[in-house]
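Student: Sequence:
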Amino acid sequence: MTSFRKIVALARPEKKPLVTAIGLLLMSSAVSMSIPFTIGKLIDFFSSANPQIPLDLSTWQASGILLALFTVGAVANAGRSYLMRMSDTVSGQRIVARLRENTYAAALRQEVEYVERGEGDVVSRLSVDSSIVGESVTQNLSDGLRAVVMSSVGLGAMFYLSPNLTMLMLVLVPPVSLGAVFYGRYLKRLSNKTQEAMGEMTKVASESLSALRTVQAYNAQPQEEAKFHQRVEDVLTLVKKEAIATGIFFGSTGWSGNVTLLGLLGYGGTLVSQGQITVGDLTSLLLYTVYVGNGLQMLTSFFTSIMRGIGAGTRIFDLLDREPAIPPRGGIDIAPNRRGPVKFEGIQFEYPSRRNVEILKDFTLEVKVGESVALVGKSGSGKSSIQSLLLRYYDPIRGKVTFDGQDIREFSITSWRSIIGIVPQDPVLFTGTIASNIAYGNSSATREQIEQAARNANCEFIWGMPDGFDTQIGRQSLSGGQRQRLAIARALLKRPAILALDEATSSLDATSEHRVNDAIDKILRDRQTTCLIVAHRLSTIARAERIAVLEDGRIVETGTYRQLVNDPNSRFCQLMAAQLAATSSEVIDAPSSREEEIKEGEAVEAEKI
Numbered sequence: 001m002t003s004f005r006k007i008v009a010l011a012r013p014e015k016k017p018l019v020t021a022i023g024l025l026l027m028s029s030a031v032s033m034s035i036p037f038t039i040g041k042l043i044d045f046f047s048s049a050n051p052q053i054p055l056d057l058s059t060w061q062a063s064g065i066l067l068a069l070f071t072v073g074a075v076a077n078a079g080r081s082y083l084m085r086m087s088d089t090v091s092g093q094r095i096v097a098r099l100r101e102n103t104y105a106a107a108l109r110q111e112v113e114y115v116e117r118g119e120g121d122v123v124s125r126l127s128v129d130s131s132i133v134g135e136s137v138t139q140n141l142s143d144g145l146r147a148v149v150m151s152s153v154g155l156g157a158m159f160y161l162s163p164n165l166t167m168l169m170l171v172l173v174p175p176v177s178l179g180a181v182f183y184g185r186y187l188k189r190l191s192n193k194t195q196e197a198m199g200e201m202t203k204v205a206s207e208s209l210s211a212l213r214t215v216q217a218y219n220a221q222p223q224e225e226a227k228f229h230q231r232v233e234d235v236l237t238l239v240k241k242e243a244i245a246t247g248i249f250f251g252s253t254g255w256s257g258n259v260t261l262l263g264l265l266g267y268g269g270t271l272v273s274q275g276q277i278t279v280g281d282l283t284s285l286l287l288y289t290v291y292v293g294n295g296l297q298m299l300t301s302f303f304t305s306i307m308r309g310i311g312a313g314t315r316i317f318d319l320l321d322r323e324p325a326i327p328p329r330g331g332i333d334i335a336p337n338r339r340g341p342v343k344f345e346g347i348q349f350e351y352p353s354r355r356n357v358e359i360l361k362d363f364t365l366e367v368k369v370g371e372s373v374a375l376v377g378k379s380g381s382g383k384s385s386i387q388s389l390l391l392r393y394y395d396p397i398r399g400k401v402t403f404d405g406q407d408i409r410e411f412s413i414t415s416w417r418s419i420i421g422i423v424p425q426d427p428v429l430f431t432g433t434i435a436s437n438i439a440y441g442n443s444s445a446t447r448e449q450i451e452q453a454a455r456n457a458n459c460e461f462i463w464g465m466p467d468g469f470d471t472q473i474g475r476q477s478l479s480g481g482q483r484q485r486l487a488i489a490r491a492l493l494k495r496p497a498i499l500a501l502d503e504a505t506s507s508l509d510a511t512s513e514h515r516v517n518d519a520i521d522k523i524l525r526d527r528q529t530t531c532l533i534v535a536h537r538l539s540t541i542a543r544a545e546r547i548a549v550l551e552d553g554r555i556v557e558t559g560t561y562r563q564l565v566n567d568p569n570s571r572f573c574q575l576m577a578a579q580l581a582a583t584s585s586e587v588i589d590a591p592s593s594r595e596e597e598i599k600e601g602e603a604v605e606a607e608k609i
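The opening residue of the sequence shown carries number 1 in UniProt numbering; numbering runs sequentially from there.
In silico EDC-like pairs for lysine to aspartate or glutamate, Cα to Cα no more than 16 Å straight-line:
hint, residue 1, residue 2
1, K203, E116
2, K400, E366
3, K203, E233
4, K193, E242
5, K193, D318
6, K227, E200
These are calculated hints, taken from the structure and not from any lab test.
Throw the hints in and build the complete structure from the sequences for me.
Tutor: Next comes the structure, spelled out in structure tokens:
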């Protein structure tokens, strides 16, 4: 009932056209429901030995009145059809649009892991589920209301004509109603499962298409086709179950209706022969029975549609009502120019999807204002998790992260992230211009500010583009080094108090790495931005004022580059030795052009160090 009330509430902004359509529906239905009664009276009139028209009307006068009533009914029916059709298209689409916007906004408010874990499912709720809910509100509303009017008015007329025959017919209503309830509940569960299966199907397709290069590189198209085929089969299986249940239900109700009609005809004929009712009244009653039967069938279809909408709506309302693990609202706003040290104090952290697998254990680190700290360690040691905690994608299980002595959970999430610049390992570009990508999330930035940020990030390649900053780009339009420098420009445009660099040069060639590192040097020399650097490359690590070495989620040693590199027993030297050994092996096995590139990169690193 809660979901049903929420679905009905969606139609409230469209109540004006809907109420008008309902008024016209009542007018047209009143005329339609008078037809069986009129036919019965006409039969009695023409079969009577001394026919008499009520109110002493002549035949032509009575015919004119009936014609006028039928005309009014037809006009009302036409208006009702027009308004309901407009409601289906315009109002229905507005309802779906609002629902999609609210669902999308709710998805953006959720914590990162919730959306990433079920990305395809969220997309399915936005597209498929919202359409089903919109259709259940508007598309079948006219038929549902018409069915209610037909059934209630028809039953009232039947009681007026013959209470005995009407009671006989009503014996069938309880079992049919009970069947409809069980059928509706089953259909709701089935609809929910079907939408979940469609979400899984969408998820598989999204994953494969977003990684199309990898799929084609490994000739994995047949494998992905088989996975998608299995998901399609799951959907088809559920659809078949729904079709079987629908066939059984409507077949049994149709059979029951026909048997009831035969019973009424037999018993009604007996009453006619006994003179208790007239032939016209029996005819009217049988016609009303057909009307009521059609109304109940339409009501069942409407009920089916509503239950399907409730099944789909439950998934949407679950997302709309879900409270994110990281509250998007509330907290103290931070002044954009505020500066202060960042501290990680006794952090214990596990990913929600991997409980009992500790990523960080009693992790403690302080980064002073304007200081740059490089986090070094093997893959899986927790380096990227530290930056995720800094950005509050997650909260620690124990311990806290503070900024300027204040727990970051006390800040509003929007203002906190506004003072942090992030340069990820694989920066994401959005369809649009280069300028709009640099100013992403910063709509008030001027062109001058955008260009200055690009200069500071060594994005000189932009001025060589066909349309400069107005050049249209996409997700993979630029090289890795160009994307990294655009990401640095995007971060610098925010004038951040904290800059988080996550493997910013790990996949770049020597030339691109040199330019990216040069841009990083400019930031570090400024001494206004606190930098937290996650890196494997020696050239990036050596630029940091301090290095923190992580093992098994803890810091095992810290110091400057020279302090650690001059201690042959340090964990840092062992990590770098393993990296150099891997690089040397790569040089031995590499073609000559690749060997030259690696040697060039090492020369650049040595020169900088």
